[in-house]
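**Q** Chains B and D, in that order, are what the protein sequence lines are. Residues in the first sequence are numbered consecutively from 0, following numbering that gives the first Met the number 0. Residues in the second sequence are numbered consecutively from 0, following numbering that gives the first Met the number 0.
Simulated from the structure, these hints should not be mistaken for laboratory data. For clarity, every value in this text was computed on a predicted model and none was experimentally measured. Idealized CB from N, CA, C, for every residue including glycine. Warning: the hint list may mix true and false statements.
Claimed, not checked - Here are some, though not all, of the chain B residues that point toward chain D, as calculated from beta-carbon distances under 10 Å:
1) Glu24
2) Asp26
3) Gln36
4) Ala43
5) Arg47
6) Leu48
7) Leu50
8) Gly52
9) Val54
10) Gly60
11) Val61
12) Pro64
13) Pro65
14) Lys70
Said to hold, decoys possible - Chain D residues, not near chain B, derived (Cβ > 12 Å throughout):
15) Ala11
16) Leu31
17) Phe47
18) Leu77
19) Pro93
20) Trp95
21) Val96
22) Phe125
23) Gly129
24) Glu163
25) Ala171
26) Glu178
27) Glu186
28) Ala209
29) Phe214
30) Leu220
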Amino acid sequence: MTSSVMSLRPPPPAGTGYDAAAIVEADGSRRSLSRPQYERLPLAERIRLVLSGRVEFLRGGVVVPPNEALKVTSAL
Amino acid sequence: MNLDPASLSALADRIVQKTESTYADFVQRWVLRAERMFLWLMVAQWLFGIFIAVTVSPYAWEGKTRHVSNHVWAAVVLGGLLSALPIALIILRPGWVGTRHVIAFSQVMWSALLIHLTGGRIETHFHVFGSLAFLAFYRDWKVLVTATVTVAADHFLRGLFIPESVYGVADASIWRFAEHAGWVVFEVAVLAYGIWLSLNELRRIAENVAQVEAFAEREALTAAPMPVTMPAMA
């Protein structure tokens, strides 16, 4: 799923980061969010999702480990 | 192994607090770096102001004779005061909010002094835009507001009472300050947008690091830990 909102942020370099996140809800259902949608969730909620193992990060439809998906790619 | 909800919330809160602290530390590091830069800039401007007063001002204001004029004293005394207070605050109160606003005020007043010393030469007005760019290193838009208000007030008052000092002409429209202030506002708007983007990027990085840390915590609590790459934020 991709965001329909145009972003000024350049895409991450090929082979890094993630473009979507899949969240497993409490009832077992899965919810797919684009990266901007996932990043708009409160940080505490994202932390809880990671800690409880209820989020998967995807790049091109393929699951990537969180430490790879969240690797900082900015030149800041 | 799964954490119970209470432990999970406590751990999440701890990571969030640490993230906020890390973010604040990085912002403060920018502030201190900007202040170190202004320390040297204030000294350099003072020396430059004296140089301009000695070499340019007598011609700029009187056209024919070169002697130690009031402008030299203005550069030495007024310029010294303009630099002394920020330098004192940088040394005595580094990182304090008031320090950066005093610096913003002094920096654009340096622009005003240099404009005065060059007899209102229009090219010297570009110093204002350079000053704003330097102030943007703070990545605090409120500092730019202080500078903008100071520039507008200075142009308005000097335009009203001594227009030759700011515009180089004896008779200037009272509204000319608005045109100058408008360009300043334009640059400040662009710089503020850049600051906003920069802070957002820093927050995003801090949040990514926090999530990687959460992942590492989870892995440490499970039987089969995975290697974790912690990205550097420097």
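**Q** Give a verdict on every hint.
**A** Hints versus structure:
1. Glu24: 15 Å, violated
2. Asp26: It is violated, given that the least Cβ distance between B:Asp26 and chain D is near 16 Å, above 10 Å.
3. Gln36: Since the shortest Cβ distance to chain D is 14 Å, the answer is violated.
4. Ala43: 5 Å, holds
5. Arg47: Interface hint status for B:Arg47: holds (5 Å vs cutoff 10 Å).
6. Leu48: 9 Å, holds
7. Leu50: 5 Å, holds
8. Gly52: This hint holds: B:Gly52 lies near chain D, its Cβ roughly 6 Å from the closest one there, short of 10 Å.
9. Val54: For B:Val54, the interface hint holds, since the closest Cβ of chain D sits about 9 Å away, which is under 10 Å.
10. Gly60: For B:Gly60, the interface hint is violated, since the closest Cβ of chain D sits about 21 Å away, which is over 10 Å.
11. Val61: Hint on B:Val61: violated, closest Cβ of chain D at ~17 Å, above 10 Å.
12. Pro64: 7 Å, holds
13. Pro65: 4 Å, holds
14. Lys70: At 5 Å from the nearest chain D Cβ, B:Lys70 passes the 10 Å test, so the hint holds.
15. Ala11: 4 Å, violated
16. Leu31: 17 Å, holds
17. Phe47: Fine: 32 Å to the nearest Cβ keeps D:Phe47 off the interface.
18. Leu77: 39 Å, holds
19. Pro93: Holds, because the least Cβ-Cβ distance between D:Pro93 and chain B comes to about 23 Å, which exceeds 12 Å.
20. Trp95: Holds, since 25 Å exceeds 12 Å.
21. Val96: 24 Å, holds
22. Phe125: Consistent with the label, D:Phe125 stays out of reach of chain B, its closest Cβ about 28 Å off (over 12 Å).
23. Gly129: 24 Å, holds
24. Glu163: Non-interface label on D:Glu163 holds, nearest chain B Cβ at 45 Å vs cutoff 12 Å.
25. Ala171: 40 Å, holds
26. Glu178: Per Cβ check, D:Glu178 is outside 12 Å of chain B; nearest 30 Å; holds.
27. Glu186: The claim holds: D:Glu186 sits with its nearest Cβ about 20 Å from chain B, beyond 12 Å.
28. Ala209: 6 Å, violated
29. Phe214: 4 Å, violated
30. Leu220: Incorrect as stated: the minimum Cβ-Cβ distance to chain B is 9 Å, not above 12 Å.
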